[in-house]
Amino acid sequence: MALKIVKGSIDRMFDKNLQDLVRGIRNHKEDEAKYISTCIDEIKQELKQDNIAVKANAVCKLTYLQMLGYDVSWAAFNIVEVMSSSKFTYKRIGYLAASQCFHENTDVIMLTTNQIRKDLSSPNQYDTGVALTGLSCFVTPDLARDLANDIMTLMSHTKPYIRKKAVLIMYKVFLKYPESLRPAFPRLKEKLEDPDPGVQSAAVNVICELARRNPKNYLSLAPLFFKLMTSSTNNWVLIKIIKLFGALTPLEPRLGKKLIEPLTNLIHSTSAMSLLYECVNTVIAVLISLSSGMPNHSASIQLCVQKLRILIEDSDQNLKYLGLLAMSKILKTHPKSVQSHKDLILQCLDDKDESIRLRALDLLYGMVSKKNLMEIVKKLMIHVDKAEGTTYRDELLTKIIDICSQSNYQYITNFEWYISILVELTRLEGTRHGHLIASQMLDVAIRVKAIRVFAVAQMATLLDNAHLLTGNMQRNGICEVLYAAAWICGEFSEHLENPVQTLEAMLRPKVATLPGHIQAVYVQNAAKLFATILKNQEGNTDSTAAQETSQMMIDRLPLFVQSANLEVQERASCILQLVKYIQKLQQKDVEVAEEVSALFAGELNPVAPKAQKKVPVPEGLDLDAWINEPPSESESEDEQPKAIFTKEEPKHSRPRHTEVDEKELARRREARKQEQANNPFYIKASPSSQKVYQEAPGVEHIPVVQIDLSVPLKVPGLPMSDQYVKLEEERRQKERAEKKKKEKKKRKEKRSGRGKKHDSGPESEEDITPAHVVDIVTEEMPENALPSDDDDKDPNDPHKALDIDLDKPLADSEKLPVRSHRAAGAPKSSAEDGEAENATPQEPKKKSSKEKRDKKKDKERDRKRSKEEKKKKKHKHEEKEEDLLGGQAEEPVVQSEETKEVEAQPTSTSAEVSDLDFWLSNAPVPSNTQEAATVAEAAPAPEAPAGTAADSEPEEPKDTETEESKSSKHKKKKQKKEKEEKEKKKKKKHHHHHHHHHSDGGGEESVQNGTVEEEEPLPPMSNYCLLAENSYIKMMMEDADQVCDIQGNLQDGSQVVVSVIFENKSDSFLKSMEFNVLDSLNSKLQRPEGSGPHDGLTVPFQLPPGVSNEARFVFTVQSIVMPQKLKGTLTFIVKNEDSSTHEKLDFKLHFTCTSYLITTPCYSDAFAKLLESGDLKSSSVRLEGVNMPFHHLLARICFHHHFSVVERIDSCASMYSRSIQGHHVCLLVKTSGQTVSIDAKCDEPTLLGNVLDEIKQTFSQC
Amino acid sequence: MIKAILIFNNHGKPRLSKFYEHYNEDTEQQIIRETFHLVSKRDENVCNFLEGGMLIGGSDYKLIYRHYATLYFVFCVDSSESELGILDLIQVFVETLDKCFENVCELDLIFHVDKVHNILAEMVMGGMVLETNMNEIITQVDAQNKMEKSETFIFQSTRQDR
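These protein sequence lines map, in sequence, to chains A and B.
For the record, in the first sequence the residue sitting at position 1030 is 1030 according to our numbering, with numbers rising by one throughout.
For the record, in the second sequence the residue sitting at position 113 is 113 according to our numbering, with numbers rising by one throughout.
Bound-form chain B, shown alone (with noise of 0.2 angstroms):
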């Protein structure tokens, strides 16, 4: 099971952050602050996996994290995943964002949350991974996009107005 998905910057700023257990919003907040702590004092060329921070912790918990540009996107996740599988979906994560918003940078991350939550929703699903096929995530993203527009057209064309 992954336990949290969490994106941050260089500075620990949070981009994404997707609890799959309940916590208040202080401690989430107290969550990415210390995994932040934890993953950027890392240098660059050591190992992606961290034994879990004091807070989502416990023996069972293990930090998986990459490092793209100026982001930091964390799993955690407990013993049932396989921590190099982990990295891979990180790795699909990432491309299907930059499929998704050509060329993605984190600025897209900043003013898209919304977006970014709806394409994590087609690969992680309550803690579980549901699809690890890009194509196939990419497919089903671009649907409900296609049936937003279709929806929203008036509501587009005001906007464009402006």
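This is chain A alone, in the form it adopts within the complex (with noise of 0.2 angstroms):
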């Protein structure tokens, strides 16, 4: 062996190890490539060996060669190899190199599934975690179902180290294998209460990823997050919980308005930015929740806004970035308070880090108004000449023309300063966004009537300057804009000045190199602009000029027939022979300019994009009946919509009829002022420039035309829109004059042909009015698109199929895959599982091999099998009634009765849902609620069991003093539950629960893990005590019993929650009732807040004669070690009919120490590992003369002291508990004769002593 090793190690001598082969790449720069396929070679060979530190040697290598790009994915298996050696060194090469390369479809992934198992229970606390590392990289559906188990029971391990690892990879698990997640959501929620803060913030991280993808599952666990955002100190946590808290507020708005109170704390308390930072965050989700109105919230927003202007002022850059970011959110629902910080946003435009120019960009979007918008662009503008790379330019690009076309062109009150701006941007080089800049300049020329004059001279420049756009083929996307300038050229050609020679520009040869598309455009057009100049030329003597036109186009037009392009091709040769044919007419002097005009007459009317979906069906048209017999199925369907659309179009379109004498002109002028007089969605315009405008009979009356235009026209490079913010100065003080004099509006009706009425924006702030008239036709949304259309789920999401409920009970059937080779029998069998608690031994081995075999089919049929099997369980159980032990596993609420398991279960739904909506409505403290005394006095008819229960209980006062238990809550839930089946009627149910409520007080069956032995009926037990009583009232002290989820922080205070049963005996109505205890160092009940340290909290109902009801009363406490008395009053007045008395009652209150422990299952093999661990003090003690059976004997520890069974064989068992704070208590309890020994372990000696002692007192007692 010790040969082999030395061997082994010779060998390596001559191996290259990582260090060797960094340093030959490092070295072979020239031929990196050729000397890597050589080390691979060297690798193979290596790998070929039986040495297994070659192998980890070679494999290492290997994955350093898997990060230069090289696939290695063939050494798989050897991969495997180096993962199973036993040495520690050797593994962690395997799994590191396994995590970086190992995928889903890898198939050796398969062979790992045993020895990854292995490893995870490897006693060496290391090979368990590189496991779960290389794990959580390469975990496949397989894996995750057959390893669930295993890891669900490291998430118990002994070491935090373990735990918080199996916690985290959780995650992992559930997203391959969605179903394992119920199963373990319940020991996941535990562990949000770890004492170790590593394994809380993973399992706060794991359900925090769970509740980011399907919110709503977790709202439930809101009042437990709360409870740790309010005591945890770990920022980290803290960050996750509240960045939770942001996604589950949209759900339930009154979750955030709990929220806001501490989160403002926190952004006034808090030094760390990244907190901060996160809970202004989640106060703005929290506002957008509550944005319908709440005014009291102003100061939130204002709270917010004041620290996101500190962080963008801050000189940190990331501060400064994630403040925009913030802020950004807030302008959707509350822009005024964003736009007064409009100043700093600005001054973000001219960072010099692009990363934070882009968000203010955001920002400035939701900024700009009627008065600032031309302000704003200029800036932008001048941030498009200096921006150096195209990606951040595009974006200046495209958000100029957002900012601008929002809402319809509501901020634009000069259209001719924004056409300067749209042709400055096509001097934009290498821009993709040419189209965005056509698009609106189409748009704009044909909707706003009154530009088109500047409109049709600025495209016309363009055009002549067409060489500075296409000239360099870079510069291409930008030539989009030519086929705008063509297009508006061509079809508003009569306001051009020079028709010539615009005509000439769009046939220059250079045309022919453009785009066809553009071609095509460029040839209809000048088409159009033929007609309109021989129009012109007609009325002139000379008819050369309109022949040199013809000859012009014959000329010119035969290039574009030779195109390439089809459509440029077709359309060229048929005006080609229209222009021959006019030219041969005009040789004999024939007048044609009427009839070739005629061939472009009709103006041409923007059409909203959903316009056509609106037309109504004509009467007798029916859509679905075919026009011809379909050829084909598929065919059909694309004919059909064609017929839709015949009928409509005359309705809109105004032909335009040349021969229209002048009075008729007028008098549809005047017609149409009138409507648009009436129409009050009518943009305003200024009044003086609309008026003359709309007068005067022709379009050359447009007032705008003071500008001197020509210099800047005739070079189009220069900037010229910044003589208009000038100049839309001078016009708004002259309007804002003109108003004063004019107090009256005109309304002006917008002259709509589909009668729909569209409001083209409010007025701004200083109703500034437009200097054109935008025609804007409506553009409706059908009702239900919403614009929340994209956040349909990916259906390949892996995060749907974990939308499961979660508060559901936990059915048999959902119990996790266990090892089937293991013995049902052994000491470590599934039965043992938190979830499998009550089931008999064997039913879990059935159920997992059954459960494997409906894997393989649909999960659907799976889960409707699962249901039918838990009716049919119901069923079994009303007919054998007596025989409770054997099938309840599918009754979570029952079986917490008799059982540990209680606190770790889901609880059932309705208990867990109106223990939300009680959390939400009110504070924490269920006796100082309104809510409570609601909820309590709501529930009268489960308060007859609870009474008989009580009054059952003084038959054996002495037994039970001391004695405590959690019972009440299980009883009240049980309540609950029965109220639930009354209402519904369901007798036999009924019937049933009836049996266990006289249990209750009586018999208890306890049954430890499927021990279905002697039958013995057990003598009663009960958790009642006996706290105080006169001739007017009873007091029960239920209980002092820890209810986990109101559990405090573990580390400096627990929270203990007392409930106490009222009995009103007399005749008299008992009502303002006041509980009060004495504060000692150590307890301290909770009050509310803003009372003091000495007042007394109302119980929350009022009690009518001989009924009873129960309070709870929360109390802090410090140290658990130790038992203590608190000494309090209770002050009351009774009521009669004639008079009414004030009367007091003292009582003690006990806490002892087992009060302060819960229920916790805990499984064979950790409990050993916990033994082993060596951290725990050991005490025993012995009882005398005990005289009961071994299984009423554990039973009494179980349920008066919180104990689970681990294992129990004949006369010894082992038994487990955990304190609120974390101790653990281990018990071995053995018996002989009538003597018992109990041998305990504990870190905590006095506790444990304590215990112990509460324990001997039980027995003694009996």
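The hints are simulated quantities; they were obtained by calculation from the structure and are not laboratory data.
Any given hint might turn out to be false.
Computed list of lysine-lysine pairs in DSSO-like fashion (alpha-carbon distance at most 27 angstroms, straight line) [claimed, not checked]:
1. Lys146(B) - Lys118(A)
2. Lys159(A) - Lys115(B)
3. Lys610(A) - Lys399(A)
Here are a few chain A residues that sit away from chain B, every Cβ distance over 12 angstroms (derived from the structure) [to be verified]:
4. Asp142
5. Glu594
6. Gly1249
Here are some, though not all, of the chain A residues that point toward chain B, as calculated from beta-carbon distances under 10 angstroms [to be verified]:
7. Arg23
8. Gln66
9. Cys137
10. Val139
11. Ala202
12. Asn318
Backbone N, C-alpha and C define an ideal beta-carbon position, used for all residues, glycine too.
Put the two chains together into one complex; each comes in its own frame, and the hints tell you how they fit.
Given below as structure tokens:
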């Protein structure tokens, strides 16, 4: 053996290790690829050797090569070999390699299952750790299914190092194997309160990750997280929780209200910027969810905006960035509060950091108004000039267009300015957004009639200077604007100053290099221009000019006829022939102009994108009927829509009848003016300019011609939009002056062919009127088309499968599959798994094998079946009611009664939901809320059984005086449940529960882990103790129990809940009950905020004669190692028909140490490890003369002292419990004859001593 | 969730790559190249956040990076991670490396990428943050290294003879 090792080492001397490989690669810079390929050959040789050290070294090198981009999947099997080495060194190398290159399709992965399982249960925590780390990277659905149970066990490992890794990896397991979520969730939830901060943080991490995707399923955890948030000091945990709340608040506005205060406090108090930022973010989310006008939250908004401003002003670029990011969220709902910080945001536009500028740009969108649009855009234009990279420049470009065009050009007051801006933007080199500019040009030119003259002039200049745009192939994107330019010049050619020149520009040979679709538009619009020119020249006596134009067309068009583009070719040859014919007619001196222009007659009106959908179907038109017999199914569908459009056009289009006489035109104009005046939705134009424009018979009277355009137009490279800013200022001033004179506003009506009205936007703060009218066409959206359409989930999203209701009780069939090769009777059988607690040992095996079969089938059926099984079981249940021990696994509510699983179990949904409602509705202390009273009063029916239970109690008060348990909570739930059942009138069920109520005060079945042996009835056990009694009232302190979900911070204080039943024994009405306790240093009654330390708590109900009711009080306890007593007083008013008296009753509350223990399940392996760990102090006690069967004894310990049985062999049993502060308590109970010896171990000797004393007392009393 | 952790130098040479989602080797290289291009052209005194590149991206993802001397440390994370938190985490990572390697420099990462992986594994697991406490990380790393040393004693001695 030794020789072999030495030999292996000698072999290795000649191998390269990782460092040698790296060095080699660095020395072969020129022929790196070649060198690496020789190295890979060497590695292949090494992998063939038997020596694991050599293999591990080879795998290590492969991992490095993988990083350099080499495929190493061929070595997957060798990696598995190295993973299974017994030495940690090699194992780690193997797992690292696997985590780097294994994935779901790696087939050798299925060979690893058993190896990983072995490593997970290794006594060496680092073997387990390495396996978990590796598994987290390559877990597959199969691995997840097979190992889920093992990993779940590890979540309760003694070592926090393993626990935190196991908790984290569960998230990956859930993703791959969603069925594991429900069975594992209770334990995951439990880990939220793990004593180790690392484990706690891991659990928070996993639940946050889960909840982010399916928040609604985790709403019920809100109280727990709230508690963590107010108690935790770990910023990582806090950030995660606060982020989680951000995801939850949209679902539950009440949660938001509850959060505002603690978050605001955190914002004020924290010094950690990361935490502050997340708080602000979540407050914003809360405010958005509450946005329905809560005036009192304006302070919170102000606070957020203020804090964000501080972030943005910070010199740290990161904070600046995040501040802007959060600001944009506020912008959506509270634009006003952001707008006041415009200065700051504009300042950020000058930042040298692109990320910050982009964020600032996002914000700008929401800050523009009519007043500042020009100023802002001017600033952006300067940035466009300065922008170095094309991406940022393109971003600027789109933002400028977005900002200007938003809500139907709402903020644009001068469209000449806008056109100039668009023209300026065409100077951008290499932009991808040519089409965007083009479509804006088209849109504005079509919809703003008044701007056409100006637009046409600008477009003509563009066409004239087309070489500037197309000169460089790189600038290709921008040539799209020529499309718009050509179309505008052609369509509105009557406005052209020099049409011949433009026509010439459109027919230049250079045009043939443009993309086909642009050429096509050129050709078509050349023809339109031609028609206009002919018309203009017709009146002239000299016909040569017209003929020259025709000749030019004939000369130039053949170039396009040869075009490779079909569209261009077709149009060109068609138009060429037309022009040739016209030329012939011209030579004969025939007047053709009118006929030619008729070719292009008819005004094009803008149509809303969805307009066609709105067209009503004409009467008698059956859209579903076939027009022709369909040749095939698929084609017919395409044909149908065509039929719709035939009839609707004429309604709107206005043929341009050139022969209409002047009178007719005037009449129409008058009518239109009238119509506009009556339409309140028509954008009001400045009265002066508008009037001129509307009354003028022709377009040449448009008022804006005061500018001398000739200079800037000739040189399109010059910025000219700037002058508009000045002009606009002047115009506005003039307007303001006029406005003062003219108080009455005249509303104008919009001409609307469809009769649909459209609000063109509210008046801006200064009522700035636009210089031009936008002929806005309604752009309706179908009512149900919401912008949120896009948040439809991706069907492949793995998180969709995790959308699982976690509050439903766990069905039996949902148990995780367990290793099938293990004997069911073995100590580690799954019967001891938390969820399977009550099942008989045989069951899980059957189930798991069944489950495995089922898995192959589809899940739907699986679920159905489990439901059916459940039903069947219930049915059985009813039939043999006595045999309650047998099959009640499906009823966690009932089950909780007798065993100790409860805390970890998901409780019934209704209870859960009402708990949440309860929590949300007010403060965490139940007894001081109005709701508590209503809840209590709303459930009078279940009080009766509680009363009987209470009545049965005094029969053995001595026996139970000091004993405490926590069945009150369960009982409550049961009562609730029963109430529901009653309402449903399920009598059999009711009966069943009733049975339990009787046994509640009396006998109780106590069965551990399916031990169904001697059916000897147990002596009655109760957990009520008489607290105090007088002639009026009886107080029963039921219990000082720890309720898991109200547990406090495990480190510095814990909460204990005391349930007290108040029973009115008198014939009078009891009211105004006040409960007060003298606080000790160690224990304090939790009082509502604002009340003094000696104030009493009002009991939230009144008691009519003979009625009893229960209230719960929360105490904060510092140290739990000692038992203690608290003195208290109850004051109340006794009201008779004629008089009322004030009475009081003193009592003593006794908190025993066992009341600080929580029943916690423990697995025998974990238990063994715990004992081995050596951290525990031991102690023992001996009980003499115990005269009861062993299982009764165990049941008593379980019941009264909150232990759970880990394992039981004959007359010996190991038991486990955990304190609320995380102390482990282990017992070994042995019996021989009447002597019972208890050996105990605990990490807190004082606590242990007291617990043992209490156990001793329990048995000495019986 | 953290989607990927990359370390590369000023020339874009990868020094460590950890992807918590599977990509094939070519895509991984492409992601590294693209990330390098995005990150390297940024000035020193700009913010450390970058809206995701095309490959790894999606609108939910961000690149969060820090530049130390010759090395870039880049984390690709989704919106469930706190931006500033991740920056702190990178700092913890680098400080941990500094402690473990004693004045870490690029050469340490070049020759001991496996060790860097082992340290990282104690901080981030399967894309989720496991531990942020540097002392705890170092304790666990040291304990494992000690174990490794005791196992490979024979091998170590022969190597040293060489």
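Consistency of the hints with the structure:
1. Lys146(B) - Lys118(A): Judged against 27 angstroms, a Cα distance of about 22 angstroms means the pair holds.
2. Lys159(A) - Lys115(B): holds, 24 angstroms
3. Lys610(A) - Lys399(A): holds, 25 angstroms
4. Asp142: holds, 16 angstroms
5. Glu594: holds, 57 angstroms
6. Gly1249: holds, 33 angstroms
7. Arg23: It holds, given that the least Cβ distance between Arg23(A) and chain B is near 8 angstroms, below 10 angstroms.
8. Gln66: holds, 7 angstroms
9. Cys137: Holds, because the Cβ-Cβ distance from Cys137(A) to chain B comes to roughly 6 angstroms (cut-off 10 angstroms).
10. Val139: Holds, because the Cβ-Cβ distance from Val139(A) to chain B comes to roughly 8 angstroms (cut-off 10 angstroms).
11. Ala202: At 7 angstroms from the nearest chain B Cβ, Ala202(A) passes the 10 angstroms test, so the hint holds.
12. Asn318: This interface hint holds because 5 angstroms falls under the 10 angstroms limit.
Of the numbered hints stated above, none is contradicted by the structure.
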